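Protein sequences, first through last, are from chains E and D. FYI, the numbering for the first sequence is 1 to 431, going by the working numbering. FYI, the numbering for the second sequence is 1 to 431, going by the working numbering.
These aren't lab readings, by the way, just hints derived from the structure by calculation. As the structure is a computational prediction, the values presented were derived from the model and not from experiment. All residues carry an ideal CB built from backbone N, CA and C; glycine is no exception. Check each hint, because a few of them may be wrong.
[As the list claims (entries may be wrong)] Computed footprint of chain E on chain D, listed as stretches where at least three residues anywhere in the stretch have a Cβ under 8 Å from a Cβ of chain E: (1) 87 to 95; (2) 119 to 128; (3) 132 to 139; (4) 179 to 189; (5) 303 to 313; (6) 342 to 351; (7) 388 to 397.
Number of protein chains: 2
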Amino acid sequence: MNVQQWSALDADAQAQVLQRPVQAVAARTSEAVAGLIAAVRADGDVALREISLRFDGVAPASFEVGEAEFAAAEQAVSAELRQAMVDAAARIRVFHQAGMSQGYAVETAPGVRCERVVRPIGRVGLYVPAGSAPLPSTALMLGVPAQLAGCREVVLCTPPRKDGSADPAVLVAARLTGVHRVFKLGGAQAIAAMAYGTDSVPACDKLFGPGNSFVTEAKQQVARDGAAAIDMPAGPSEVLVIADAGANPAFVAADLLSQAEHGPDSQVLLLTDDAALLAQVQAQVQVQLARLSRAAIAAQALQASQLILVDSLAQAFQISNRYAPEHLILALRAPRDWLAQVEAAGSVFLGDYTPEALGDYCSGTNHVLPTAGAARAYSGVSVASFQNLISVQSATAQGIAAIGGCARTLARAEGLDAHENAVALRMEVAA
Amino acid sequence: MNVQQWSALDADAQAQVLQRPVQAVAARTSEAVAGLIAAVRADGDVALREISLRFDGVAPASFEVGEAEFAAAEQAVSAELRQAMVDAAARIRVFHQAGMSQGYAVETAPGVRCERVVRPIGRVGLYVPAGSAPLPSTALMLGVPAQLAGCREVVLCTPPRKDGSADPAVLVAARLTGVHRVFKLGGAQAIAAMAYGTDSVPACDKLFGPGNSFVTEAKQQVARDGAAAIDMPAGPSEVLVIADAGANPAFVAADLLSQAEHGPDSQVLLLTDDAALLAQVQAQVQVQLARLSRAAIAAQALQASQLILVDSLAQAFQISNRYAPEHLILALRAPRDWLAQVEAAGSVFLGDYTPEALGDYCSGTNHVLPTAGAARAYSGVSVASFQNLISVQSATAQGIAAIGGCARTLARAEGLDAHENAVALRMEVAA
């Protein structure tokens, strides 16, 4: 862990401390992904089979999960885990449903009605990774809002295990959230299949979910090609903790380690105005680290972590807004009083009893969030991510009489005769 | 204009008819844009000056519009045009304000509060083209929602005229909507400047607005690089009209021509279940075309246009949803009855007295809309496009007691010890 005193750094050094590792995709990753996508487009299921065998060491007889495998998954998952998923899904549903966009209508002039209608995106594709471990929680985070939006078809891809089966907990999560079809496909090949379609896999309008560098690069490439929209750009997971003198060092250390165990490239920052707290957190991290099964991964991430002593909490919020973290933990005595200072972050955790893990799993908020500073201009996944907002207008004869002149003046100013004519013709008839 | 009978076509021919021209950017455009962006990143204002001189034939002494030029613009714009912009802005404001996202909070378990807070994106960059004509309406369409969102700084770039000044109507529109700074910069160089910043131009978090192929390619490149978010991918403008036997052929023809005059690559489709109406529209297009100042452009676009005879209006809506047009005009006797059939479109125009031009200028809806089929998964610009939605959670000791067990079970299932530990530590203290 690197310890810094913010005010002692010059501007360049400050920028350096907040610099994320360059996320530029290696040219060879980009080329490899392009090759995989081209193969899937050209050869469909044949290519999927060959690529799966090459990368996953297995090519299931059928990519699609059938009823027997779903039934087996229900048996394989413990009652405790199933209940945890049911409970988490229920809270995710409550929070997401309460924030759903509504249609509305207003009269903007006499006889001119403008409205918004909300429609589900037709077919969506969810990606649920299973790299170091399967992530049933991600299936819940994507499945619940897709179901609330009412998408006609929800497709989910998740990598096959060595024996060709899918992770049972992911399958149970998919069924709990009404996912229509699940395919045992991982990596760039899964993204290509969902974007362009094959005989087995239907082409989807929008793709969602986290993944490794191949998955995220594939999402970028299919989005650029116009084949499918994507939820957001993705990078390694991040946490920034702002802690005051009253914070519990063991809690803060546990939160930093939660982030660090995600992967060696996870980003971990602590900002505090109390030097003693900083030192205590540092000590606690060492104590807790030793006990973790993923200690090696976490230790690697911690090498790049920053523990920063700031002059004041106000300064901490300035730094946080500049960094725009995916997760922001406010380990403060009066966290709600500071919330108004937060300008850019994915998800915020208030107070000592709200570890990030609650949001990762079951508080009700979404854990698919903007990383790498994208929180400056992107929001996390919500029901709106699965919807189209369509604007609608209707003018009566009175309506076009009221605003037609305005439209004609603007059309003339822009030199668009046919636009003016389309209005003028109606105004003559309406008059 | 190409006339088709839908049911007489096989599946391939149907796909062909709905095929948009390939929007793949020529490799040399992509390379040229990359070169321009690299130059602006390396040499800042010096590069902007050189590139502006090369492409626009002028490099203003100061890129930024000063008070004197704003004052001169107010004098140069006619009272009629100014009033039209004031009126249009007022209606755009009414419609957009009514649809603004609201924060909300719900208790998802005893002692667990989840909420959404809404924050303006800090600094946004608006691009207002001035290719064949300046587009003050676009300044209104972007400036009003940016102002409603409350963005800290709204920057606008628009190409300089030959004499080095900016279009006065665009400047008046910018001032009417509270734009903070206007720069006389066009093309890929404007996008590069707003994404990366130069001594003159501040770096923006998100870029908005239409433009030519250089502008749209530059937006894609800076978004891919993570330098700035963008509103949506962009292609040539499009209209699809669904007309019944009772439609007015002159109105329909005028709407098709409104779209066609935008540019030679504009997409124009008519779907009708009445052969007589189709023939009448065809005749009317010829009559009206002759009178247009932009007849040459429109005629070129019409060469690729499709007039399609369908078996039924229901079939027309299936085709429309598949195509997902930017603009959808329902020239029907009972258009509202059909609205529920619309699954994907940017903006919908109901009935004989609602030409697309109303939405382009002053009904109140936005005219920055998804093209090229993007309406299947993207929505038009709204206030939400200028906002971040941040989720917030707070648990009390009671709260973590209520849901901590659920989080621990899921963390264990995913093999994430540190996540479990972060929850367990709190539960011990809270108990």
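Status of each hint after checking the structure:
no. : hint       : verdict
1   : 87 to 95   : holds (count 5)
2   : 119 to 128 : holds (count 3)
3   : 132 to 139 : holds (count 6)
4   : 179 to 189 : violated (count 0)
5   : 303 to 313 : violated (count 0)
6   : 342 to 351 : holds (count 10)
7   : 388 to 397 : holds (count 10)
When the structure is compared with the earlier hints, violations turn up for hints 4 and 5 and for no others.
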